[in-house]
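With the hints as your guide, set chain B onto chain A.
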Amino acid sequence: DTEVTQTPKHLVMGMTNKKSLKCEQHMGHRAMYWYKQKAKKPPELMFVYSYEKLSINESVPSRFSPECPNSSLLNLHLHALQPEDSALYLCASSQEVRLGYEQYFGPGTRLTVT
Amino acid sequence: QKEVEQDPGPLSVPEGAIVSLNCTYSNSAFQYFMWYRQYSRKGPELLMYTYSSGNKEDGRFTAQVDKSSKYISLFIRDSQPSDSATYLCAMRTNFGNEKLTFGTGTRLTIIP
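Protein chains in written order, with the working numbering: chain A, 1 to 114; chain B, 1001 to 1112.
If we strip away everything but chain B, and leave its shape as in the complex, we get:
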């Protein structure tokens, strides 16, 4: 079993829809959770960063963490064609280990 599971998609939704992207994880030591957006042939761009369980909102993006279920989500409201990209979840422990563990990424396409 992989430490982090993420549906690779592809996921296609119409413009304006709410998008839900999810990751599950098995290592209960993960404490920090990140979402990166990666456009084709570009480096990952940090979107959201959360530590505790609960919700964190930034504009059209909401990150949700449920540590009891080992489940994290990224919601995109009012989706735009410019949101079309691969979304990677990443997480790390609090042991001072520098290593990020990534999900495989979900390819998202917003259809105009």
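Next comes chain A alone, as it looks inside the complex:
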């Protein structure tokens, strides 16, 4: 089973709202990732968690706040977003962050900020 699940599938939110994206995997992977993907562009890395600790923050604005409550779950808390933040938000996981471990992606949450 190489499944990464994400909820919700679609989200529309206003610029003053607070919402959260959720990601879950039950493959025993110890690395989890958040990516942002704009239309017709490749995914852009936002955050990496390794063993539930934040490993990489790719200079993402503070209106995006990641959280890893346990080894199977990854959240992305959203607050005061801008319309340009509208995108497909992808979660991925891999066995380890060390070299050689391929990443498996979830289906994504399509976010629209109005």
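Everything labelled a hint here was simulated from the structure, so no lab data went into it. Small disclaimer: the values here were computed from a predicted structure and weren't measured. From the three backbone atoms N, C-alpha and C, an ideal C-beta is built for every residue, glycine too. Mixed in with the good hints there might be a few duds.
Said to hold, decoys possible - Per the computed footprint, the stretches of chain A lying under chain B, defined by three or more beta-carbons under 8 Å from a beta-carbon of chain B, are:
#, region
1, 40-50
2, 101-108
Unchecked claim - Distance ranges between label pairs, derived from CB positions:
#, chain 1, residue 1, chain 2, residue 2, range
3, A, Asn17, B, Gly1054, 48 to 54 Å
4, B, Asp1058, A, Arg98, 22 to 28 Å
5, B, Ser1028, A, Arg110, 34 to 40 Å
To be verified - Cross-link-like lysine-lysine pairs, in silico, DSSO-like; alpha carbons within 27 Å at most:
#, chain 1, residue 1, chain 2, residue 2
6, B, Lys1099, A, Lys9
7, B, Lys1070, A, Lys40
8, A, Lys22, A, Lys53
9, B, Lys1042, A, Lys38
10, A, Lys40, B, Lys1099
11, B, Lys1002, A, Lys40
12, A, Lys53, B, Lys1099
13, A, Lys36, B, Lys1042
14, B, Lys1042, A, Lys18
15, B, Lys1099, A, Lys36
16, A, Lys41, B, Lys1042
17, B, Lys1067, A, Lys41
18, B, Lys1042, A, Lys9
19, A, Lys40, B, Lys1042
20, A, Lys22, B, Lys1099
21, A, Lys19, B, Lys1042
22, A, Lys22, B, Lys1042
23, B, Lys1099, A, Lys38
24, B, Lys1002, A, Lys38
25, B, Lys1099, A, Lys41
26, A, Lys41, B, Lys1002
27, A, Lys41, B, Lys1070
For chain B alone, kept in the frame of chain A given last:
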């Protein structure tokens, strides 16, 4: 110069044809190479994963890596309409850096 170059297409081929998708890269530290398939409005799906130079085959898919030329390819034999998608190459170093560097993706359409 981008670290990874990939022709964005679009590429249209008739059903049954052999498809060749390619990426070139400039960073000789890249050691791991992946191909992802992404259907419209879906997440990327890992297709192939290779480490060393040479060929790796999985069903109708063959991944080829030429590190001396910094060139990777994905071949699809007996292409099907269900292969219509965007194909992303991705690569990473062996420095323990978690970051994948993606190509821009090639949009492929298989015409029935």
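Hint check results:
1. 40-50: Answer holds; 7 residues pass the 8 Å Cβ test.
2. 101-108: Answer holds; 7 residues pass the 8 Å Cβ test.
3. A:Asn17 x B:Gly1054: 48 to 54 Å: This hint holds: roughly 51 Å between Cβ atoms.
4. B:Asp1058 x A:Arg98: 22 to 28 Å: holds, 24 Å
5. B:Ser1028 x A:Arg110: 34 to 40 Å: Since the Cβ atoms of Ser1028 of chain B and Arg110 of chain A sit about 37 Å apart, the hinted range of 34 to 40 Å holds.
6. B:Lys1099 x A:Lys9: holds, 25 Å
7. B:Lys1070 x A:Lys40: Cα-Cα ~24 Å, so holds.
8. A:Lys22 x A:Lys53: holds, 17 Å
9. B:Lys1042 x A:Lys38: holds, 12 Å
10. A:Lys40 x B:Lys1099: holds, 20 Å
11. B:Lys1002 x A:Lys40: holds, 17 Å
12. A:Lys53 x B:Lys1099: holds, 16 Å
13. A:Lys36 x B:Lys1042: Answer holds: Lys36 of chain A to Lys1042 of chain B is near 13 Å, not above 27 Å.
14. B:Lys1042 x A:Lys18: Holds, at roughly 24 Å.
15. B:Lys1099 x A:Lys36: Within the cut-off at roughly 14 Å; holds.
16. A:Lys41 x B:Lys1042: holds, 13 Å
17. B:Lys1067 x A:Lys41: holds, 25 Å
18. B:Lys1042 x A:Lys9: holds, 10 Å
19. A:Lys40 x B:Lys1042: The given pair, whose Cα atoms are some 12 Å apart, holds under the 27 Å limit.
20. A:Lys22 x B:Lys1099: Since the Cα atoms of Lys22 of chain A and Lys1099 of chain B sit roughly 21 Å apart, the hinted pair holds (cutoff 27 Å).
21. A:Lys19 x B:Lys1042: Given that 27 Å is the threshold and the Cα spacing comes to 21 Å, the pair holds.
22. A:Lys22 x B:Lys1042: This hinted pair holds, its Cα atoms lying about 16 Å apart.
23. B:Lys1099 x A:Lys38: Given pair Lys1099 of chain B, Lys38 of chain A holds - Cα atoms ~18 Å apart, limit 27 Å.
24. B:Lys1002 x A:Lys38: holds, 18 Å
25. B:Lys1099 x A:Lys41: The hint holds at about 17 Å.
26. A:Lys41 x B:Lys1002: holds, 14 Å
27. A:Lys41 x B:Lys1070: holds, 22 Å
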